[in-house]
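S.K.: According to this note's numbering, the sequence shown is numbered sequentially starting from 128.
These are calculated hints, taken from the structure and not from any lab test. Since the structure is predicted, the reported quantities are computational estimates derived from the model, not experimental observations. We put the CB at the ideal spot given by N, CA and C, even for glycine. Watch out, some of these pointers could steer you wrong.
[Claimed, not checked] In silico DSS-like pairs for lysine-lysine, Cα to Cα no more than 27 Å straight-line:
| no. | residue 1 | residue 2 |
| --- | --- | --- |
| 1 | K494 | K346 |
| 2 | K610 | K482 |
| 3 | K268 | K610 |
| 4 | K152 | K482 |
| 5 | K515 | K494 |
| 6 | K704 | K266 |
| 7 | K443 | K494 |
| 8 | K268 | K152 |
| 9 | K266 | K482 |
| 10 | K573 | K513 |
| 11 | K573 | K585 |
| 12 | K513 | K482 |
| 13 | K704 | K585 |
| 14 | K513 | K268 |
| 15 | K482 | K494 |
| 16 | K494 | K702 |
| 17 | K585 | K631 |
| 18 | K443 | K482 |
| 19 | K631 | K704 |
| 20 | K152 | K265 |
| 21 | K152 | K175 |
| 22 | K631 | K573 |
| 23 | K573 | K515 |
| 24 | K175 | K443 |
| 25 | K702 | K610 |
| 26 | K704 | K494 |
| 27 | K610 | K585 |
| 28 | K702 | K585 |
| 29 | K515 | K610 |
| 30 | K702 | K631 |
| 31 | K175 | K266 |
| 32 | K266 | K152 |
[Unchecked claim] Between beta-carbon pairs, the in silico distance windows are:
| no. | residue 1 | residue 2 | range |
| --- | --- | --- | --- |
| 33 | A706 | K268 | 47 to 53 Å |
| 34 | I370 | P300 | 41 to 47 Å |
| 35 | T424 | L447 | 37 to 43 Å |
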Amino acid sequence: MSVFHFLTLFGGLALFLYGMELMGKGLEQASGGRLEKILENLTSNVFKAVLLGLGVTSVIQSSSATTVMVVGFVNSGIMPLSRAIGIIMGANIGTTVTAWILSLAGIESSNFFIQLLKPTSFSPVLAVIGIILLMFSKKEKQRDIGNIMIGFAILMFGMDTMSGAVEPLADVPAFTNILLMFSNPILGVLAGAILTAIIQSSSASVGILQALCMTGSVKYGTALPIIMGQNIGTCITAILSAIGANRNAKRAASVHLLFNLIGTTIFLSVFYTANLFMDFPFLQESATPVGIAAIHTTFNVTATILLLPFNRMFEKLAYLVIRETEEEKQATPKTLDILDERFLEVPGYALEQGKAAAVAMFEETRKSLLMAGELTESYTPDRVTKIKESEDLVDGYEDQICQYLLALSRRTLSTEESQRLSILLHTVSDIETISDQVCGIAIAYKGMESREESFSEKAVQELRVQQEAVEALVDETMGMFEKNAIMGIYAYNQVIEEMVGTMKERHVLRLMNNECSVSMGMRMTDILNSFERIAGRCMRIANYLSQMDEKELEIHDHEHLLALSDYQELYRQYKEKYALP
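Build out the structure end to end from the sequences listed, making use of the hints.
M.R.: Here it is in structure tokens:
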């Protein structure tokens with residue numbers, strides 16, 4: 128075997144790994160984060176979790192990606208460890224789908240229809256279609272499909288190149304001796320584990336083994352322990368992902384390793400014990416790509432069936448390996464833990480997490496607005512302190528969410544994802560401004576208290592109605608994260624603007640009649656201006672969020688909306704409901 132054969136082998140391996148990466152990313156982009164959302168929400172029992180892990184991994188063609196995502200879920204507190212175990216088990220089965228697809232390369236037959244099943248026959252067609260979609264399509268989904276097709280074609284071309292490059296190895300005695308050495312179960316397991324740990328993909332390492340099988344030199348006795356080792360080696364990705372994560376996330380990664388270690392130990396112990404008595408003849412036969420896929424699947428399915436009833440045991444083992452500390456027991460989940468860096472690999476899902484964090488930030492702002500409303504009735508220093516603390520917390524939310532979204536912006540995003548990211552950044556900034564205005568209202572009341580001043584009963588009644596209208600507007604705006612209700616927000620905003628104008632006019636009259644001091648007039652103006660700015664920011668947020676609806680990508684025409692009869696009816700209802708006394 129010449130140096131050129133080795134260059135061809137490594138070139139084929141590079142194409143194989145790149146094709147797998149391209150296809151996997153295309154599949155993830157096409158899913159738009161929906162698969163991850165399904166994993167998060169639909170794992171109520173362990174059997175359902177196994178099926179979901181199997182299904183998601185079959186689609187994205189990577190158990191490592193699924194497991195890393197699960198580590199992220201556990202780290203952020205979205206998913207408890209007990210629910211993660213089933214998904215990890217299912218992911219092990221799902222990853223075997225790739226081996227079955229690759230095994231089609233080993234089909235040998237002169238029959239025309241069977242030849243059509245060979246990837247080398249149809250992958251060039253997929254490559255051409257993929258290139259056409261990538262070059263001429265403007266739709267992101269079609270471009271993602273193009274990437275999937277091109278990735279698959281490159282993957283199969285790389286495997287075919289590897290198979291051709293290693294063909295001469297069949298006549299090299301040294302290669303045969305090395306393979307014979309790996310028939311030792313311990314050495315075979317180590318070889319499989321090390322290879323998979325290096326390339327961080329069991330699907331890829333199984334594909335390499337399938338390519339070597341085409342030389343006819345690899346016996347099943349050699350392939351079996353290597354496949355077992357590959358299942359252990361794939362755990363390295365989750366382990367590396369858990370570095371820097373919390374202890375529960377480390378437990379999730381350890382469950383993956385424990386499951387594969389225990390499964391491999393049981394499987395090999397039973398198999399080789401039985402072989403002592405039965406002397407399985409197939410171990411001396413040359414392995415085929417289909418045979419490799421069958422062994423890979425048999426092991427993972429058998430291990431899952433045997434160990435699934437003991438899923439609680441794996442949770443206890445994980446706690447034995449990584450013991451629970453006293454500090455951990457007393458810790459409470461942090462809201463922004465959902466912004467886990469692992470989710471950045473799936474932009475669609477990362478955006479959903481950013482949106483959830485923005486909702487939490489808005490909810491904190493809403494609570495402080497309610498406290499500010501209570502100051503109208505009765506001032507307490509404790510309420511002002513809490514509002515200031517809330518404002519500081521919202522500032523922290525803004526910093527963390529913006530940093531997360533900016534990190535996401537450096538990833539490869541679709542046009543729609545880039546638009547959604549920009550909308551979230553603007554929305555978060557406006558929520559922070561609302562929080563500042565609420566704090567400004569509290570400061571105005573604090574200034575009144577320090578000077579022992581107070582509003583007249585008439586002014587208090589007007590402020591109470593104004594406060595209720597603004598609170599209703601904020602609630603309606605928060606609802607925009609789930610349902611487009613922009614018409615109601617426009618109606619609220621118009622009513623509030625008119626109320627502010629009327630209240631300012633009334634206050635000027637009270638000043639002219641010496642019913643109110645100049646300093647109190649300034650306090651009233653400050654509070655009313657804050658209410659007006661809150662309403663304005665709610666309008667901006669509503670306009671931004673309406674664009675996140677795929678059906679409504681344009682900002683609403685204000686004048687057209689005002690002319691609608693439905694809008695006029697809403698405006699009339701709100702005007703009556705929040706009529707000033």
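S.K.: None of the hints should be skipped; say for each whether it holds.
M.R.: Hint-by-hint comparison with the structure:
1. K494 with K346: With a Cα-Cα distance of about 68 Å, the restraint between K494 and K346 is violated, given a limit of 27 Å.
2. K610 with K482: Judged against 27 Å, a Cα distance of about 14 Å means the pair holds.
3. K268 with K610: Between K268 and K610 the Cα gap is close to 24 Å, so the pair holds against 27 Å.
4. K152 with K482: Measuring from Cα to Cα gives roughly 23 Å; hence the hint holds.
5. K515 with K494: Distance of about 12 Å is within 27 Å: holds.
6. K704 with K266: violated (46 Å)
7. K443 with K494: Given pair K443, K494 is violated - Cα atoms ~40 Å apart, limit 27 Å.
8. K268 with K152: This hinted pair holds, its Cα atoms lying about 13 Å apart.
9. K266 with K482: With Cα atoms ~24 Å apart, K266 and K482 stay inside 27 Å; holds.
10. K573 with K513: Satisfied, since the Cα-Cα distance of roughly 13 Å is no more than 27 Å.
11. K573 with K585: holds (20 Å)
12. K513 with K482: With Cα atoms ~25 Å apart, K513 and K482 stay inside 27 Å; holds.
13. K704 with K585: holds (18 Å)
14. K513 with K268: At roughly 47 Å apart (the allowed maximum being 27 Å), K268 and K513 break the hint.
15. K482 with K494: Given pair K482, K494 holds - Cα atoms ~19 Å apart, limit 27 Å.
16. K494 with K702: holds (25 Å)
17. K585 with K631: It holds: about 13 Å lies between the C-alpha atoms, which stays within 27 Å.
18. K443 with K482: Violated: K443 and K482 sit about 34 Å apart, past 27 Å.
19. K631 with K704: holds (20 Å)
20. K152 with K265: holds (18 Å)
21. K152 with K175: holds (25 Å)
22. K631 with K573: holds (21 Å)
23. K573 with K515: With Cα atoms ~12 Å apart, K573 and K515 stay inside 27 Å; holds.
24. K175 with K443: holds (21 Å)
25. K702 with K610: holds (23 Å)
26. K704 with K494: Answer holds: K704 to K494 is near 23 Å, not above 27 Å.
27. K610 with K585: The hint is violated at about 37 Å.
28. K702 with K585: holds (19 Å)
29. K515 with K610: violated (31 Å)
30. K702 with K631: holds (17 Å)
31. K175 with K266: With a Cα-Cα distance of about 34 Å, the restraint between K175 and K266 is violated, given a limit of 27 Å.
32. K266 with K152: With a Cα-Cα distance of about 17 Å, the restraint between K266 and K152 holds, given a limit of 27 Å.
33. A706 with K268: 47 to 53 Å: Given range 47 to 53 Å: holds, Cβ gap about 50 Å.
34. I370 with P300: 41 to 47 Å: At roughly 43 Å between Cβ atoms, P300 and I370 fall inside 41 to 47 Å, so the hint holds.
35. T424 with L447: 37 to 43 Å: violated (31 Å)
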